[in-house]
Amino acid sequence: MSAGFVLEHALAGNPASEHLTRRRIYIFPSRQGLLFAAVILVMLIGAINYSNSMAYLLAFTLGSVFLVCMLHTYRNLRGLVLSIKPAPPVFAGAEARFPVLLDNRGGADRVSITVHPAAKRRGLLRWEAADAHYLDVPGAALLQENLSIPTHRRGLLRAGRLRITSTWPLGLFRAWSYIDSDAEAVVYPRPAGNATVPYYLEDAPEYQAGSKDGTDDFTGFRPYRPGDSIRNIDWKVLAREQGVLIKRFSGSGRHRLLLHWDQTAPLADTERRLSQLCLWVVEAEKQGLHYGLDIPGTRLPIDHGEAHKHLCLRALATYAQS
Amino acid sequence: MHSPSLQSVSHRLQSLPPHLAWLMAAITLAVLPHFLRVPLWIPVMFCLLIAWRLYVPLQAQEKSLRFVLVKSAFAVTMLCGIFITYGTLTGRDAGVALLILLSAMKLIELRGERDYYIALFIALLLILTQFLYSQTIFTAAYMGVAVVVTVGTLIGFNDRNRHLSTPRRLRLAGGLLLQALPWRCCCSCFSRAPPDRCGACPGMPAAASPASTTK
Chain A
307 MSAGFVLEHA
317 LAGNPASEHL
327 TRRRIYIFPS
337 RQGLLFAAVI
347 LVMLIGAINY
357 SNSMAYLLAF
367 TLGSVFLVCM
377 LHTYRNLRGL
387 VLSIKPAPPV
397 FAGAEARFPV
407 LLDNRGGADR
417 VSITVHPAAK
427 RRGLLRWEAA
437 DAHYLDVPGA
447 ALLQENLSIP
457 THRRGLLRAG
467 RLRITSTWPL
477 GLFRAWSYID
487 SDAEAVVYPR
497 PAGNATVPYY
507 LEDAPEYQAG
517 SKDGTDDFTG
527 FRPYRPGDSI
537 RNIDWKVLAR
547 EQGVLIKRFS
557 GSGRHRLLLH
567 WDQTAPLADT
577 ERRLSQLCLW
587 VVEAEKQGLH
597 YGLDIPGTRL
607 PIDHGEAHKH
617 LCLRALATYA
627 QS
Chain B
21 MHSPSLQSVS
31 HRLQSLPPHL
41 AWLMAAITLA
51 VLPHFLRVPL
61 WIPVMFCLLI
71 AWRLYVPLQA
81 QEKSLRFVLV
91 KSAFAVTMLC
101 GIFITYGTLT
111 GRDAGVALLI
121 LLSAMKLIEL
131 RGERDYYIAL
141 FIALLLILTQ
151 FLYSQTIFTA
161 AYMGVAVVVT
171 VGTLIGFNDR
181 NRHLSTPRRL
191 RLAGGLLLQA
201 LPWRCCCSCF
211 SRAPPDRCGA
221 CPGMPAAASP
231 ASTTK
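From first to last, the protein sequence lines are chains A and B.
With the first sequence counted from 1, adding 306 to any position gets you the numbering used here.
With the second sequence counted from 1, adding 20 to any position gets you the numbering used here.
Hints listed in this document are in silico derivations from the structure and should not be mistaken for laboratory results.
All of these numbers come straight from a predicted model, not from anything done at the bench.
Incorrect hints may have been included.
[As the list claims (entries may be wrong)] Derived CB-CB ranges, DEER-like:
| # | chain 1 | residue 1 | chain 2 | residue 2 | range |
| --- | --- | --- | --- | --- | --- |
| 1 | B | ARG191 | A | GLU612 | 32 to 38 angstroms |
| 2 | A | GLU589 | B | ASP135 | 50 to 56 angstroms |
| 3 | B | ARG131 | A | GLU612 | 49 to 55 angstroms |
| 4 | A | HIS439 | B | ARG131 | 18 to 24 angstroms |
| 5 | A | PRO405 | B | VAL165 | 41 to 47 angstroms |
| 6 | B | LEU60 | A | ASN452 | 29 to 35 angstroms |
Glycine included, C-beta positions come from ideal geometry on N, C-alpha and C.
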């Protein structure tokens, strides 16, 4: 682990959930808030100039509204409890959707809150992004939303630092707070490549039909060939002196393959090799084959099924990453 | 016939996006008292611009040359008209006329969030300038309503998912203004503004200022 990673870990608060407390909510006038303050100043100058008491009244009232709005905007975020869960795995290039749980069981209605990754630095006085997604959290309610973070490379994607923002009710102030989250998403390499799935390893003794699975069905005989496993010889037929026959089972012995790192040797680039292996794993699972994975650092035995596929893909995603 | 045109107006109003409808309501409320006073051509031009906004879909033709030309024609007419009527472009009356027509023209040019807020602030300035002509209680009450509608429009801008109904929104606006009252009284107590008609806020009476008590 690099020092930077350790430091980030040490500074992160409680990774499971974050309670937005008084200390951690920041508030500052938005751009239109500053414009509003300028307009109030103009009103005040006009009122002083014309010595008009009603104008003073309006200017003072709007100034007070400005201050009261600050409290309302702050209150819109205060007390909200957020938890971020790990996202289901995705392929590189797709969006990782982290479930975010907003716990508002102790508070009043909250309106127009956005949650987004804090990676991009934007100015303090920016306008809201046009594509921001706004959430309303009703009072005494739990809300689950999905936070989409685009992925570009394989590996483990951490949700990292998220920013929660709100400008409710009047848009004159922006209140925001940060959450540091440890929730991770496994990003599989993008399946790509032109090489065909390598040939099946049909006759290697340890992969022969019926040698291990007790659930395969008996489907007939074929003559003995040198090299066949002797465990499958039908001894009763041999005892009747009718020749050496091998029992055949309808297990998927014909469909077993081991995906080896060396099979991608023609591709020089590590990432392309991983993408090729990933494509093979996906194809193998789709075709119902039994497959295993053998890459430096990980060896997965031959198996099949969704769980096995995810194990293989995860091994590919985390290849050579500390 | 009279009723079909009224129907078409209300139909157009209902087909507007809610933010725009509220904004037009706020601006119209702020502008109406001024119409009793300004020369006739200003309300006529204002109504022309509002009608243009209501009836012509503006998104498609924002960039077209014809749009720019018509807009410029309106702007030039506005400036010339004000100059001819008032002899100047500054000062209380000319400034008010300028604000009225600027607010209508801003409605034509609503391009982003920023423009909505600017249009609302122009409406607030229009409310203020009405007080320069009339300080009766009736004016104050009417302007109170206008301020509530303006604050309600601001609330609507920030209610992105539009889950607040109109009565709730107005109640929230009224609540905000009521909560602002204590602060306002504080400001009034500490300022040197001339007192109200009733002798109370917005400022301490001039007799209490130190300058007049010293001999």
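Practice prompt. List in ascending order the numbers of the hints, as given earlier, that are violated by the structure.
Written response: Violated hints (numbers, rising): 1 and 6; every other hint is consistent with the structure.
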